[in-house]
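Read off the chains here:
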Amino acid sequence: MMARILRRLILALALLAVAAGGARADEGKAGAPHRPFRIYMALWRGWEGAAQGFKDYFANQGIPVELIVRDAAQDPSRLPEFVAEAKSLHVDLVFTWGTSVSLGMLGSGPHPDPAKYITDIPAVFAIVSQPVETGLVPNYRSSGRNITGTTYLVPVETQLNLIESYRPFKILGMVYNPLERNSLVAIDEIRRLGKAMDFTLLALPADVVDGKPSPASIPAKVAALKAGHADFLYIPPDTFLNVNRDILTAAALEQKLPSFAAAENPVVDSKAMFGGVYRYYTVGQLTALKAAQILMGGKKPANIPIDPPKRLSILINMPVVRSLGVYPPMKLLGLAEVVDPTAAK
Amino acid sequence: MKLDGAIPLFLRLVVLAVLVLVPPIGLIAWSAFDQVEQAIAPELDGKALAVGHGLTEQVERAVGLGIPLDKLVGVEEFFAPTLDANPELRYLAVTDANGKVLFLRGAEREALQPHYRTTDYDLPADQLRAVIGDYVDLALPVEVKGIRLGMVHVGMDANFVHRRVMATLVDMGVVLAVALLLASEILLFVVAVNVSGPLRRARAMMARARRGDFTRLAGVGPLDEVGLFVRGLNAVVLRTDDLYRRLAAYIDEIKSAHFDAGAIERAGMIEGRINFQYRFAVGGEPKAVQERQAVDIRLALFLFTFAEELSRPFLPLYVHALPSPFPWLTPDMAMAVPIAVFMACVALGSPWAGAITGRLGSRPVFLLGLIPAVLGFVAAGFAHTVADMTLWRAFTGFGYAVVTMACQGYMSRAARDQGRAQSLGMFVGAVLTASVCGMALGGVLVERIGFRDVFFVSAALATLSGLLAWRLHEPREPAAPARPIMRDLLALMRNWRFAVLILFAAIPSKLALTGVVYFLVPVYLAKLGYGFGDIGRVLALYAVTVVVLSPLVARLADQTGWRAGLVALGGVIGGLGLLIPALGPGLPPMMLAVFCLGLAQGLSASPQLAAVPDICWIECRNFGQTSVLAQMRLLERIGSTAGPLLGAALVPAMGYAGAIAALGVGVLASALVFAVASFAYGSGPHIQSEERA
Amino acid sequence: MAWPLARKVSAALLGILAGTVATTGFFTYSKLQSVLSALAESRYGVVVYAVKHNAEDQLALGFPLRQLRPVQDVIDRMKVNDSRIRGIEVFDASGAILFDTDRGAIGASVPPAWVRAAAAAGNHPFAITDEEGRIVGLPLVDSLGTVDGGVVLRYPGVHLDDLLGASLGGLARQAGLVLAVFAALGVAGSYRLFGGVRQRLETMDSVLGTVLAEGADPLPEDEPASFETDFAGFAVKAHETIHDLEDAMQDVERLDRLA
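As you go down the protein sequences, you meet chains A, B and C in turn.
Using the numbering used here, the letters of the first sequence correspond one by one to residues 1 to 345.
Using the numbering used here, the letters of the second sequence correspond one by one to residues 1 to 693.
Using the numbering used here, the letters of the third sequence correspond one by one to residues 1 to 259.
Careful: at least some of the hints might be erroneous.
[Stated by the list, open to error] Reference excerpt, derived from the structure (chain C facing chain A, CB under 10 Å, subset only): (1) His53; (2) Leu65; (3) Arg66.
[Stated by the list, open to error] Quick list of in silico lysine-lysine cross-link-like pairs, DSSO-like style, CA-CA up to 30 Å: (4) Lys170/A / Lys71/B; (5) Lys79/C / Lys145/B; (6) Lys71/B / Lys226/A; (7) Lys527/B / Lys310/A.
[Unchecked claim] Partner residues are not named here, just some residues of chain B that face chain A (Cβ under 10 Å, in silico): (8) Arg61; (9) Ala62; (10) Leu65; (11) Gly66; (12) Ile67; (13) Val75; (14) Glu77; (15) Pro81; (16) Leu83; (17) His115; (18) Arg448.
Because the hints were derived from the structure by calculation, they are not lab data.
Even for Gly, the Cβ is constructed at its ideal location relative to N, Cα and C.
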């Protein structure tokens with residue numbers, strides 16, 4: 001099942017190449033011909049949206065860059081080698097993707113060891129879910145060192161408000177992976193917010209079989225949520241659920257349970273009803289903007305706050321909406337990106 | 001009808017002017033507005049259509065995505081921001097193909113439903129306009145894949161255009177009121193120059209003649225009826241003079257050439273008797289009486305002050321729009337500095353201007369003062385930055401000091417003939433009327449022609465005032481000796497009663513005037529989004545209150561002798577009034593505050609002056625009362641200068657309403673201190689020493 | 001003889017009337033014009049906002065501005081909806097026109113003032129007037145919060161006199177008539193007012209002549225001081241003085257002759 005969004009991205013890529021060429025030509029005429037900036041891009045699991053957004057930003061802005069792309073392929077042991085290479089190449093800036101790469105190359109705390117980490121070269125990070133909790137940066141206003149970056153997770157409170165604005169709810173249903181500590185933390189936070197927002201959380205763990213959460217147990221859990229009068233199914237940004245999104249969302253649809261996803265995929269290429277996310281692509285663009293501020297604007301990374309994109313992407317899966325008959329309010333619909341592969345528009 | 005007094009004839013003329021000005025403008029406006037309304041209305045339809053198209057598109061998108069029209073969710077909430085942003089739209093609705101109201105916001109379903117049921121909506125789109133009660137309803141079809149599913153209705157306020165057009169009446173009323181005040185100033189001037197002035201001089205001449213003094217003629221103006229009449233009177237005087245000269249010549253002839261000593265003696269007796277009974281000009285023709293009247297210079301003063309006041313409602317905001325070369329100045333301070341510098345220049349220029357007026361006379365000094373003033377106006381119109389703007393305000397401030405002192409000098413000399421109170425009243429009256437007109441019209445004017453052009457208008461008006469001053473007749477008079485300033489100042493401030501009056505009454509009231517009325521009020525109201533027309537009217541309210549109240553209070557103070565009490569009461573009212581804007585933003589609280597401040601000024605200004613001779617008995621005797629009053633002016637202008645600066649300093653910490661309230665607290669506290677101290681005015685060693693002196 | 005008083009005052013009154021009518025007319029006209037302009041501006045502001053909204057939705061998907069083909073359809077549709085719209089243009093941050101209802105203009109540049117206005121506008125509409133008409137515009141802001149360009153809509157300035165059209169002439173005639181009537185009233189009033197003054201001055205003049213020729217009784221002492229009493233006193237005193245001087249002259253002549 002090829003997602004419409006991917007087709008779009010490919011189309012966009014092709015067009016971008018043309019646009020970037022044009023922009024470069026303009027740049028040349030304007031007479032700012034300096035050596036391209038060299039950026040070392042360290043990735044965790046290959047080229048994807050954020051990396052593309054990062055690259056496209058420079059192309060759109062007509063900023064000449066030379067990208068040195070390295071993929072760790074989810075292997076932490078390669079990171080020291082990346083650090084050494086970036087240093088030896090004397091690149092202008094380092095881009096790190098994900099928590100593992102960022103921590104592995106940039107270190108944590110106020111004074112990481114210069115021998116083991118990149119400290120002299122400015123760096124930008126993206127797709128780090130908890131930059132403060134992991135010690136990458138002390139707070140979101142300033143890293144206090146030679147790095148800055150972006151966040152990409154929509155705050156839970158914003159997600160809940162989004163659900164509320166679609167349709168008020170009293171009981172929020174959720175299936176979670178009991179082996180994932182983050183899920184438990186998230187449940188606590190949702191419960192706390194539930195007190196203020198006046199709803200109760202009905203959270204059911206997936207069954208654990210052989211020390212692993214069992215995908216097969218998901219439909220039963222969803223049915224139990226429905227029986228418990230849940231108004232909405234909340235799908236957290238969780239790897240287990242992301243992998244098994246088709247099972248989860250199909251079960252919800254079968255139970256006529258509207259679902260909200262805090263990630264792109266369950267809505268875009270599965271059957272979650274709607275979602276609120278920061279798109280990786282936009283996050284990559286914003287990270288590139290910060291990189292450009294460092295490279296072109298002469299700003300110090302420590303003076304650039306760490307923040308998410310200004311605009312939240314609201315995704316609505318119209319076929320699911322139609323089959324549930326739970327229609328989005330006009331206001332939300334006006335702001336949303338509609339996923340509707342059947343519409344011949 | 002008193003012919004030589006300007007007032008009754010003038011009043012009849014003013015009535016005539018009102019009759020000639022107000023009805024025709026009212027009539028023309030009445031018929032024009034009706035047609036303007038009809039002309040503007042389609043523009044509103046166009047806007048409603050544009051809004052309707054946007055909403056319809058969204059509805060069509062939703063329906064196109066498979067949501068049935070009657071199942072749309074949150075349509076009312078979706079309509080809300082559009083209704084909030086467009087006050088001329090009253091409701092928005094969606095109906096189905098049968099005209100049933102599905103969604104509606106802003107009106108009652110019952111008011112619209114019957115109409116929609118009975119209307120045929122298969123008409124072409126441009127005919128779907130209907131008047132329903134107070135609404136104008138525009139209907140836009142909702143069509144998906146060529147099928148008409150229903151309608152989006154945009155309901156306009158049928159009276160919106162009417163109200164907007166009528167709102168311009170306020171501006172028109174302001175212009176008309178200013179025109180009437182200006183008309184009365186001009187008529188007063190025309191009557192003074194042509195009728196009352198010549199007849200006054202004639203009367204002075206006749207009064208002399210009644211006492212047998214035929215040494216003077218009445219100055220003759222233009223040869224109109226009055227001129228001819230006065231010339232007739234002068235002819236009588238000239239005839240007596242001629243007779244006298246012939247007689248004197250004859251007697252001289254007899255005295256020098258007659259042979260009969262008895263005849264000489266008797267001729268001498270006749271001469272002696274005539275010279276005893278009458279006085280004739282010695283050695284030549286009788287000279288013309290050129291009596292000054294305060295009213296001669298009034299129109300010039302009015303026009304000049306009017307010119308200066310025009311920029312009052314917007315000056316700080318004009319400065320705000322200019323780039324500031326001083327990054328260390330807060331924006332508020334940058335707005336305040338030109339006002340403060342202007343006030344400081346007025347304060348510093350006045351003593352010098354008073355002195356040279358005494359030496360050179362009013363007319364040349366008036367013209368001299370116009371040079372920097374007009375230069376300042378013109379250059380302010382071309383100002384580039386806050387820095388040069390401040391310099392040009394300093395020029396105009398200095399010129400303002402010189403011109404007003406020249407006028408004051410002229411009027412106070414006229415006072416020798418007319419009475420001091422009347423001439424001072426004339427001065428204050430002209431300045432305040434000009435303030436009313438200038439502030440009110442300035443606000444309206446700047447909305448039309450912009451900041452810079454208003455300064456050119458000011459320059460033109462000031463030049464016109466110079467032309468009027470040019471034609472003043474001014475008899476030469478001996479120069480009044482100028483007094484040294486600083487020494488007297490110190491001596492005065494050692495008088496604690498005077499010091500209390502200055503520090504706790506005069507300075508706070510000036511401080512509130514310049515800090516609040518000239519600075520904080522315009523800036524705050526502009527920040528709240530009010531136009532300059534409104535700002536000008538709020539400011540003018542201050543001057544109107546003072547104009548109306550001052551003469552009444554002056555009389556009250558004279559009758560009761562309760563001066564310190566009125567001064568303290570004024571301070572309390574003004575201070576309390578300034579607390580009002582802190583209660584909430586908007587025009588009414590601000591108007592109330594400004595009104596209270598006007599009330600305060602009206603209550604305390606003339607009692608402040610009137611109290612001076614009582615509490616500075618010795619100083620008035622030693623230095624002269626005029627000098628003491630001049631010192632008081634100088635000292636209170638410390639408050640004028642500090643007002644805007646203090647206001648601007650308070651804004652960053654407290655906001656505009658907070659800064660106004662803080663100044664109010666200051667005024668209130670001062671008034672209380674003054675009240676307590678004034679109880680001690682009647683006792684203490686100072687009065688006793690004065691009594692011994 | 002100089003102008004009589006009534007004529008002078010009439011002239012002053014007419015001047016004031018003319019000035020007042022001119023200024024109130026000017027102010028009222030321009031205020032109404034500004035009401036009209038504001039209405040037109042908000043009308044087209046709605047359209048521009050719709051274009052902005054549409055374009056920004058697509059920008060949020062990550063497309064660069066110059067690739068937003070659907071925007072061209074949107075602005076074409078807007079122009080069809082409202083025949084008064086002269087054109088809608090979408091330009092990028094450098095001022096190059098990307099989409100235009102006039103397709104021939106695509107690729108050209110908008111005036112730098114528009115680009116500056118868009119960059120400075122924040123999220124508020126900006127309005128510009130140039131010789132060709134009026135412009136209302138909004139900046140385009142992408143999801144990073146940077147201004148990528150702007151949308152402007154050109155429309156002809158609407159003028160009150162155009163809208164009033166034929167009725168303007170009738171209005172002017174009506175106003176002229178009203179003014180003429182009241183001007184005449186003013187002149188008549190001032191002649192009446194100063195006719196009284198003139199009459200009294202003439203009476204006094206003739207009284208003076210009579211008194212000088214024939215003499216009169218001295219005034220009672222307790223008369224309150226006024227112009228009239230001073231005048232009467234003057235007349236009597238002048239008569240007396242002239243007589244006295246003439247008597248003295250005769251006395252001297254007699255002396256001269258007798259001797």
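Q: Against the earlier hints, flag every one the structure doesn't satisfy and list their numbers going up.
A: The structure conflicts with hints 16, 17, 18, although it agrees with all the remaining ones.
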